[in-house]
Amino acid sequence: MKYSNHIARMRPSVRRLALRKQHLAAACCLALALPFAASAQQAADQTVETLDAVKVTGIRAAIATAVETKNESTSIVEAISAEDIGKLPDISIADSISRLPGLTMQRVDGRAQVIHIRGMSEQFGGTLLNGREQVSTGGSRGVELDQYPAELINAVTVYKTPDATLVGQGLSGTIDMQSIRPLDFDGRRVTFSGQGEYNSLGKLIDGSSDKGYRASASYVDQFADDTIGFAIGVARMDSPFQEQQEKAWWWGNPDTWGAPQPGKPVDAVARQAGEASLKSRDITRDGVMAVLEFKPSDQFHSILDVYYSKFDQNEAENSIMWNNDPWYSHPTLGQVTYTNVGTTLVGGVPVVTSGTLNGVGALNMLNEVNQREDKLFSAGWLNTFRWDDIYTLKTDLSYSRAESERTMLELQSAFATPRNIDFNLQTGKGFNHFTIPGLTDPTQVYLGMDAMGWGRDGRTDRAWTEDTLKSGRLELNRLVESSDFLRSYDVGVNVTRRNKDREYIAHYVDLKNGRAPVRMDTVPHGFASMDFIGLGNVINFNARDLLGRYYDLRYEASENDLMKNYGVEEDIKTFYAKANIDMDLTDEVRLRGNVGVQYIRSEQSSTGPTVARDAVTNDWVIAGGQTIGTSYGDILPSMNLSADFGDGLLLRFAAAKTLMRGPIEQMGAYTTAGVDVTTREWSGGGGNPKLEPYRATAYDISLEKYFGPTTYAALAVFYKNLETYIYTQNVRWDFTGYDDLGITPISNWGNFSTPMNGSGGYMRGAEISGALGGDMIHSSLDGFGLLFNASYTESSIDPDGPGGSDTDTLPGLSKIVANATVYYEKHGFSARISQRYRDEYRGEYASLFGDRIYQNTMPERTMDMQMGYDFGEGSRLSGLSILLQVNNVTNEPYRTETTAGGIDQMIFLPSEYKEYGRQYLLGFRYKL
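Number 477 in the numbering used here belongs to position 470 of the sequence shown; there are no gaps in the numbering.
Hint data in this document are derived by calculation from the structure and do not stem from the laboratory.
Beta carbons are placed, not taken as given, at the ideal position from N, Cα and C, and that holds for glycine.
Among the clues, some could well be false.
[Said to hold, decoys possible] Between beta-carbon pairs, the in silico distance windows are: (1) V273 to Y639: 56 to 64 Å; (2) Y706 to Q912: 38 to 46 Å; (3) D621 to S361: 47 to 55 Å; (4) G879 to T442: 55 to 63 Å; (5) T450 to L748: 49 to 57 Å; (6) A523 to G435: 44 to 52 Å.
Input sequences plus hints: build the corresponding full structure.
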C-alpha cells in the first residue's frame with residue numbers, strides 16, 4: 008500500500024452566532040467522544056493493531072487508505088482514495104474533495120467547480136497533478152476541477168501545511184491529485200463503466216436535452232517480469248445541466264435622491280429592476296490519462312504520465328428583463344407608476360412586495376447562445392536514481408497547457424408598446440411571481456426595438472485564453488544513518504516558466520435595413536416555459552440561426568473590452584533544502600517531521616495595451632502598448648513536527664512562511680494611463696505588472712487519535728497572519744516604460760489607480776473531524792460508518808482595504824462549514840448519504856463580457872446519495888457492480904442577497920435565486 012508522504016461578511020446577530028458556536032462545539036465534543044467511548048468499550052478484549060493489519064474493501068477500503076495517509080504524513084493533510092480503479096465515490100473530483108475537513112466547494116452553473124480551503128477562495132490554493140503545478144482555463148490562477156474526470160484520478164491529498172519540497176504550493180493549502188502507478192498492481196486490471204443521467208427540471212428550452220451519459224474504461228498491465236507497467240484510462244461525459252433563475256438588479260428608495268416614484272409609498276424601498284431566465288447546457292468532456300512505468304532494478308525507476316481533456320459547453324438562454332427605476336421613462340407615458348401596492352416590513356423598513364407596475368417601456372427579452380471549448384494537456388517524466396543505498400537523485404520534467412475559447416451571442420426582442428407588470432415578491436427564500444400580458448403572442452413581439460436604450464440589437468463576444476507552464480526539477484536525498492535524530496535530508500532546485508495570454512474582441516449586432524424591427528411571427532421560433540415565476544410560455548429562438556439572415560456586425564469596443572488583451576510571463580526559480588527528523592524523545596514518545604526552507608526568486612513581466620479615445624472618432628482604441636515587469640525574492644522557512652505518544656495518539660505542530668502570487672488578471676500591463684496635453688502629467692488606471700504576492704506566516708496545531716482502519720478523531724486549530732492583501736488603491740506611480748503616445752511628460756511620476764499590496768490581517772479557525780466504523784461501537788453495527796467534520800473560520804481582513812465596506816468579507820470565507828456522511832457496506836450492498844453545509848460567503852464568479860464579479864452567496868445545504876451492489880466471486884455476474892446516484896437530492900437553491908440603497912438602516916433583500924434540479928445517474932461497472 009502506497010502513501011503520499013513527504014518524509015520517505017457575516018451578518019447574524021451576536022445571539023445567533025453564539026448559538027451556532029454552541030451547536031458546533033456540542034457536535035465537536037460528540038464527534039470526539041464517540042470513538043473514545045467505542046475504544047474504551049473494546050479495550051478489555053481487543054489488542055491494538057496497526058492500521059494496515061486489517062483487510063477491508065469498497066467504501067471502507069477507501070476510507071482506510073485515506074485515514075492511513077493522514078496518519079503517516081509528516082504534514083497536516085486530508086486525503087481521499089478511490090475504492091478501486093476509476094471509482095472515486097462522487098460525481099466529480101470537486102464533490103469528493105469538498106467533503107474534507109476545512110474544505111468546501113463553490114457551485115458554478117449547478118456543478119461543483121472550484122474548492123475553497125480554510126475560508127479562502129481558489130485564488131489562494133495551489134493545485135498539482137502528480138506533484139506538478141497545473142495551469143487554468145480561466146483568467147485567474149484558480150484551477151477548475153470539473154476539468155478532471157473523477158474516473159481518471161486515483162487519490163487526492165490536500166496539504167494544509169507547507170513542506171519545503173512541495174513546489175507550487177498555495178497560501179491556503181495545496182491540492183495534489185494522483186494517477187495510478189501500474190507497477191503497484193499485482194496483475195492485469197481491466198474495467199469499464201457506463202451511466203445514464205437525467206435532470207429533474209426536464210427540457211427547459213426547445214432543442215435542449217434533459218438526458219445524458221457517462222462512460223469510462225481503464226487498462227492496467229505489467230510486462231517484462233514486472234519491470235514495465237502501463238496504464239491507460241479514458242472517460243467521456245455528456246451531461247445536461249438546467250437552470251431556472253430570477254434576479255433583482257437592485258433595491259432602493261429613490262425618494263432620498265429627489266426622484267419619487269408615483270404610487271410608491273413615501274420612503275418605501277422598492278425593487279427597481281430585475282430579470283428572469285432559463286438556461287440549458289449540454290456539457291461534453293473527454294479525458295485520457297496514460298502512465299508508462301519502467302523499473303528494471305531498485306537503482307532506477309522511470310515514470311512518464313500524460314493527461315489530456317477536452318471540455319465543450321453549449322448553452323442556450325432565454326431571459327426577460329425590465330427597468331422601472333425613476334430615471335427610465337417612456338417618451339409619451341413618462342416614468343413607471345405603481346398601483347395596488349402592498350408592503351412588508353423588513354428590519355422596520357417598509358418594502359414594496361406586491362402591486363402593479365404601469366407603463367414599463369424598458370422591457371427587453373434576450374435569446375443567447377454561449378459556447379465554451381477548453382483543452383487541457385499535462386505531461387511529466389520522473390526519473391529516480393539510487394546508489395550505495397544512501398543517495399537518491401530525482402529529475403522531473405513537466406509541461407502543462409490550457410487553451411480556452413469562449414463565445415457569447417445575444418439578440419434582443421421587445422414589445423412595441425409598454426406593458427403593465429403585476430408582481431408578488433418574496434423577502435426571503437423562493438421564486439417571485441409576475442404577470443406580463445402578450446408574452447406568448449408573436450404578433451406583439453419584435454426583434455430589435457432596443458427597449459433598454461443600449462444602442463444595439465445584440466452583441467457578440469469572443470475570448471481566448473492560453474496558459475502554459477514548463478518546469479524542470481532536480482532533487483537529491485541522502486540518508487543519514489549515523490545520527491540519532493536526522494534520518495535524511497533533501498536539497499533541490501525547480502525552475503518554472505509560465506505564460507498566460509488573453510485576447511478579447513466584441514461586436515455589436517444590428518438588424519439589417521437600418522435596424523428596422525422584425526415582427527416575431529415572421530421569424531422561426533418556438534417557446535420555453537417560465538411557469539416557475541408565473542409567466543407561462545415565452546418566445547424562444549436560436550440566436551445563431553438568425554444571425555446571418557437578419558443582422559449585421561458592427562465593431563464596437565469599450566475601454567474595458569480592449570484592456571482584456573494582454574500577456575503575463577513568470578520565471579520562478581525555487582531552491583530548497585529539508586531535513587527529515589525521526590527520533591525517540593522518550594521510551595514512549597517518538598518525534599518525527601521536517602524542517603526546511605525555500606528561496607524563491609521571481610521575475611515577472613507583462614505586455615499590454617494603452618487604451619485611449621481616438622482624437623477623430625472619439626472611439627476607444629488601442630493607441631499604444633508597453634512591457635513592464637519586476638523581480639523579487641522570498642525566503643520561506645517551514646517546520647512540521649509530529650509527536651507520536653503511541654496507541655494512535657499524535658500531536659502535530661507546524662509553522663511556516665507562505666506566499667501566493669497575485670491574481671493574473673490583475674497583473675496585466677493594460678492601462679488607460681496617459682499624459683494630459685495641458686498639464687503634461689501622467690494619470691490613469693489599469694493592471695499592475697509589478698504586483699507582488701500575498702505573504703503570510705502560518706501556525707497549525709492538530710491533535711489526532713487513530714483507533715482502527717476506519718476510525719479516528721482530530722481537532723486542529725490554525726492561524727495565518729497575512730502581511731499584505733491586494734486591493735485597488737490610488738497611488739503615486741512610476742510610469743517609466745509606459746507609452747506616452749507622443750506627449751512628453753514633465754515627470755515619469757503620476758497618479759495611478761491599480762491593484763496594490765496593502766495592509767493585511769489574520770485568518771484563524773478551528774476544525775473538528777472524525778471517522779467512525781460501526782464495529783467500534785458494537786459488532787451488530789459492522790458495515791455501518793460515519794464521517795463527520797466541521798470548521799469555524801474568521802478573518803480581520805477587509806478585502807476593500809482600510810475604510811472599505813463593513814459587510815464585505817474575503818472571497819470564499821464561510822465562517823461555518825460542515826460535512827457528514829453515513830454509509831453502510833456489507834455482503835456486496837453499499838449505501839451512502841452525504842450532506843454539505845456552508846455558511847454565507849462572498850463568491851467570485853465569471854460574469855458578462857469576460858469580467859469577474861463578487862456576490863454575497865447565502866448558506867447552502869446540499870445532499871447527495873448513492874446505492875450500489877457488487878456481485879461477489881461466487882456469482883455468475885462476478886465483477887459486475889450496479890450503482891444509483893442522486894446529486895442535489897433536495898434541489899438546494901443558489902441564493903444571493905444585496906443591500907438596499909437610499910435608507911439609513913442596513914437591510915438585506917433577495918438578489919438572485921436559482922434552481923438547478925436533481926441529477927439522477929444509474930449505471931454499472933464491470934471489472935475483468
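Here is what the structure says about each hint:
no.: 1; hint: V273 to Y639: 56 to 64 Å; verdict: holds (57 Å)
no.: 2; hint: Y706 to Q912: 38 to 46 Å; verdict: holds (40 Å)
no.: 3; hint: D621 to S361: 47 to 55 Å; verdict: holds (50 Å)
no.: 4; hint: G879 to T442: 55 to 63 Å; verdict: holds (60 Å)
no.: 5; hint: T450 to L748: 49 to 57 Å; verdict: holds (53 Å)
no.: 6; hint: A523 to G435: 44 to 52 Å; verdict: holds (45 Å)
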